[in-house]
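Student: Sequence:
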Amino acid sequence: MNSLFQDIRYALRSFAKAPGFTLTVVATLALGIGANTAIFSVVHGVLVKSLPYRDPDRIVRVGHVRPEGGRLPGTFSPQDFEDLEREKPALSTVSSFQFVAGHTTLSLTGRGEPAQLEACFVSPGFFETLGVVPAAGRPFVAQENTPGRDTVAVLSSRLWTRLFGEEAPASGRTLTVNGAPFTVVGVMPPSFQFPSQQVDLWVPVSQLTEDAVPHRRDVRWLEVVARLKPGATIEQARAGAGVLFARLEREYPDSNRGFGQALVVPLEKSLVGEVRTPLLVLLGAVGLVLLIACANVANLLLARSAARGREIAIRTALGAKPSRLLRQLLTESVLLALLGGAAGLAAAYWGVEGLLALTAGRIPRADEIRPDAAVTAFAAALSVVTGILFGILPARRSLDTAIASALEWGGRGASGSRSDVRRSLVVAETVLAAMLLAGAGLLGKSFWKLIHVPSGVSPQRVLAVSLSIPAWKYSELEKESAYRSEILRRLRALPGVIAAGGSKTMPLSGGGEAYKFRLPGDADPTRFIQPASGTIIVTPGYFAALGIPLLRGRGFTEQDLSTGAAVLLVNQAMARQIWPGEDPVGKAIIIGKIRYEVIGVAGDVRHEGLLSTPGTAVYGPVSHFPRSSLRVFLRTAGDPRALAAPARAAIRALDPDQTISSIEPLTDAVSQSVSRPRFYASLLGIFAALAILMAGSGLYAVLSYGIARRTREIGVRMAMGASTRDVVLMVSREGLATSALGIAVGLLASIAAGRLLAGLLFDVRPFDPPILGAAALFLLAVAAAASAVPAFRASRVDPMTALRAE
0 MNSLFQDIRY
10 ALRSFAKAPG
20 FTLTVVATLA
30 LGIGANTAIF
40 SVVHGVLVKS
50 LPYRDPDRIV
60 RVGHVRPEGG
70 RLPGTFSPQD
80 FEDLEREKPA
90 LSTVSSFQFV
100 AGHTTLSLTG
110 RGEPAQLEAC
120 FVSPGFFETL
130 GVVPAAGRPF
140 VAQENTPGRD
150 TVAVLSSRLW
160 TRLFGEEAPA
170 SGRTLTVNGA
180 PFTVVGVMPP
190 SFQFPSQQVD
200 LWVPVSQLTE
210 DAVPHRRDVR
220 WLEVVARLKP
230 GATIEQARAG
240 AGVLFARLER
250 EYPDSNRGFG
260 QALVVPLEKS
270 LVGEVRTPLL
280 VLLGAVGLVL
290 LIACANVANL
300 LLARSAARGR
310 EIAIRTALGA
320 KPSRLLRQLL
330 TESVLLALLG
340 GAAGLAAAYW
350 GVEGLLALTA
360 GRIPRADEIR
370 PDAAVTAFAA
380 ALSVVTGILF
390 GILPARRSLD
400 TAIASALEWG
410 GRGASGSRSD
420 VRRSLVVAET
430 VLAAMLLAGA
440 GLLGKSFWKL
450 IHVPSGVSPQ
460 RVLAVSLSIP
470 AWKYSELEKE
480 SAYRSEILRR
490 LRALPGVIAA
500 GGSKTMPLSG
510 GGEAYKFRLP
520 GDADPTRFIQ
530 PASGTIIVTP
540 GYFAALGIPL
550 LRGRGFTEQD
560 LSTGAAVLLV
570 NQAMARQIWP
580 GEDPVGKAII
590 IGKIRYEVIG
600 VAGDVRHEGL
610 LSTPGTAVYG
620 PVSHFPRSSL
630 RVFLRTAGDP
640 RALAAPARAA
650 IRALDPDQTI
660 SSIEPLTDAV
670 SQSVSRPRFY
680 ASLLGIFAAL
690 AILMAGSGLY
700 AVLSYGIARR
710 TREIGVRMAM
720 GASTRDVVLM
730 VSREGLATSA
740 LGIAVGLLAS
750 IAAGRLLAGL
760 LFDVRPFDPP
770 ILGAAALFLL
780 AVAAAASAVP
790 AFRASRVDPM
800 TALRAE
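Take the sequence shown: its letters are residues 0 to 805, numbered as in numbering that gives the first Met the number 0.
Be aware that a few hints might be false.
[Said to hold, decoys possible] Here are the simulated lysine-lysine pairs, DSS-like style, with alpha carbons at most 27 Å apart:
1. LYS592 - LYS515
2. LYS48 - LYS228
3. LYS268 - LYS228
4. LYS448 - LYS515
5. LYS87 - LYS320
6. LYS268 - LYS16
7. LYS320 - LYS48
8. LYS478 - LYS586
9. LYS478 - LYS320
[What the hints assert, rightly or not] What follows is a list of derived Cβ distance ranges for each label pair:
10. GLN235 - ASP762: 55 to 61 Å
11. GLU557 - GLY591: 20 to 26 Å
12. HIS214 - ASP762: 55 to 61 Å
13. ARG215 - ARG85: 16 to 22 Å
14. GLN260 - TYR348: 45 to 51 Å
15. HIS214 - ILE750: 52 to 58 Å
16. VAL271 - LEU325: 25 to 31 Å
17. ARG553 - VAL271: 41 to 47 Å
Keep in mind the hints are simulated off the structure, nothing from the lab.
Backbone N, C-alpha and C fix where the C-beta goes; we use that ideal spot for every residue, glycine too.
Generate coordinates for the entire structure from the input sequences, incorporating the hints supplied.
Tutor: As structure tokens, then:
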């Protein structure tokens, strides 16, 4: 132990004698270790850390294999859920919930300004299934899931603190929600944020009455979580649920056709399945950055070992054992790595906040992403491994130096082999930098194409106002319709508003309702057509406000709403599918028992998001499909933000109790919808920039060191007639040749590794010659720039001074 402390003290003294070297190494390692620690914090919080529930590996999501495909389980109708709850194949408990951010909302009044709360509607046993207990109070009991007894709520810790601070007792308080007094029966711990961190409170699912959402077997809106029986497996639960679903498909062919297969997945997988591969790719990419940092530091240590060759040789001649010297050198390397790791960990604490801001809340379990003891242990272990990794080669090279050669003045005996090793490290750095740059280029091109793909709407100069009409105040359809129309009338009257229209859903975010229709005269009355993007419920002015072109016919009018006319619009994709080569205007379709006339054809919209293809869709008037959720879109003559305050004031003047969940430019909402691709592309771009910076500095250091070692040679060349141009070309050629080899190998490796990015790319192939060519040219330019300064420095060597110095 004493000898270890002696090694540490000696190392610290040597660092103090070379502060420039020490700061350079520590800064390089801080970048590499800090970036790895920050990304590991994300991976640990999202993929590694166990869910904060009892026996989380026993909790599963249960659902149908959706006919349209997808990896997540499909939803249930209330009737199908009751059948599953009664049989519980291989399951000990089963519960349902319904949450859609921005749609499953409740209005809070009586506590200052009216607020809109994000509510999750749950069945009895929901909290027991997940294995959590309230931090205060109790969960729901079965009797509270019945109309008349269901005005109870369990609050999130965040909402409780916001409303009551740390007041106690937590239960028994009363809140006015949707105009009715709700009793708070419990408060959940801060760690419980299922199914989303946006949830403010949980209420019984019986609050969603038939008026709010149809309770039919063919309308699926309930999601299901369950807990496996002791000793049961997911395969057994899947098989048992499959038998049940197949039977329901036979018994109810009209509603359950195509829903006969079961899908049972672990809850953790259902939460993070879509981000697992991208996060692991990013972790691998940042690992390459650390390898480049290690190669850079190894190069610096090799240069330093040349200066310390005489010291090592003298200590060897005085009897120091090679193992003792190796331990001293590795102690210095590990100590440097620990200093870099400490700086990197501090930077990671700051960097994680930036990462979370960059994700815009689109990464699941983001609330659990934070540097903790596990992350600190990771940083420490990574620092030690890194210190050994970059220190072992320079240490061995130092010990391999012959004593007699090292004691020669100038110590030139080993310089050639050491130079070869340093150039090999630069080649390795360039290989890794080329891989990262090519990957960043692919993701960058993919993101560029994504944000410029025709969406079908024109979001520029559009203000989106999200609210929910309080059903407790406007329970009659006539009053609700009149209130909605008055909101739109007042907003259209605002100065600067060109057009205004509303919808139940936000564009590019899905939410179309799963209505099926059939065609008049179809010989098979059981044959139904279901639009891929569903039925979009809209008001008059919707198409003008969003800039959706009407290709044929007309849009909805206020007269259609006032008369209750049974009219619909279809999009171009639906028209092509149902009436190819015909004019759809004037055609009819039947939904339920109502015959609707098609009055227009709208342009295609990517309703499911920019990553989706425009699916078939039907547009229904809000008079026939009344919904409390309302998104109003105001097309403005100028900056839409300038209308936010007037729009809010106009709505509040109509009804002071009206809650408004958000007012934002539609471009902001569209930007949030692509936050994940932007997050991946931005991070890989940052990693590529770090890699290029390190690779360029490594090449610069190697060439500068080589010139210092070859001063005599360059002097002789110039004394014998070599021109300045010849010397510049000689040095530049060496640098470019070293980089070109690394670039070639790196691009070949990036082609092989491109398949890992295939699932993250939009309209871009993993093998993209323009991207690879641009990456090669850029890296060559960096190599030329890194070679320029050493080359011109070499050209200014005075031959006589160089010869006298030797």
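Student: Compare the structure with each hint and give your call.
Tutor: Do the hints match the structure? See the list:
| no. | hint | result |
| --- | --- | --- |
| 1 | LYS592 - LYS515 | 11 Å, holds |
| 2 | LYS48 - LYS228 | 23 Å, holds |
| 3 | LYS268 - LYS228 | 19 Å, holds |
| 4 | LYS448 - LYS515 | 34 Å, violated |
| 5 | LYS87 - LYS320 | 71 Å, violated |
| 6 | LYS268 - LYS16 | 53 Å, violated |
| 7 | LYS320 - LYS48 | 46 Å, violated |
| 8 | LYS478 - LYS586 | 32 Å, violated |
| 9 | LYS478 - LYS320 | 94 Å, violated |
| 10 | GLN235 - ASP762: 55 to 61 Å | 42 Å, violated |
| 11 | GLU557 - GLY591: 20 to 26 Å | 24 Å, holds |
| 12 | HIS214 - ASP762: 55 to 61 Å | 41 Å, violated |
| 13 | ARG215 - ARG85: 16 to 22 Å | 19 Å, holds |
| 14 | GLN260 - TYR348: 45 to 51 Å | 46 Å, holds |
| 15 | HIS214 - ILE750: 52 to 58 Å | 54 Å, holds |
| 16 | VAL271 - LEU325: 25 to 31 Å | 44 Å, violated |
| 17 | ARG553 - VAL271: 41 to 47 Å | 46 Å, holds |
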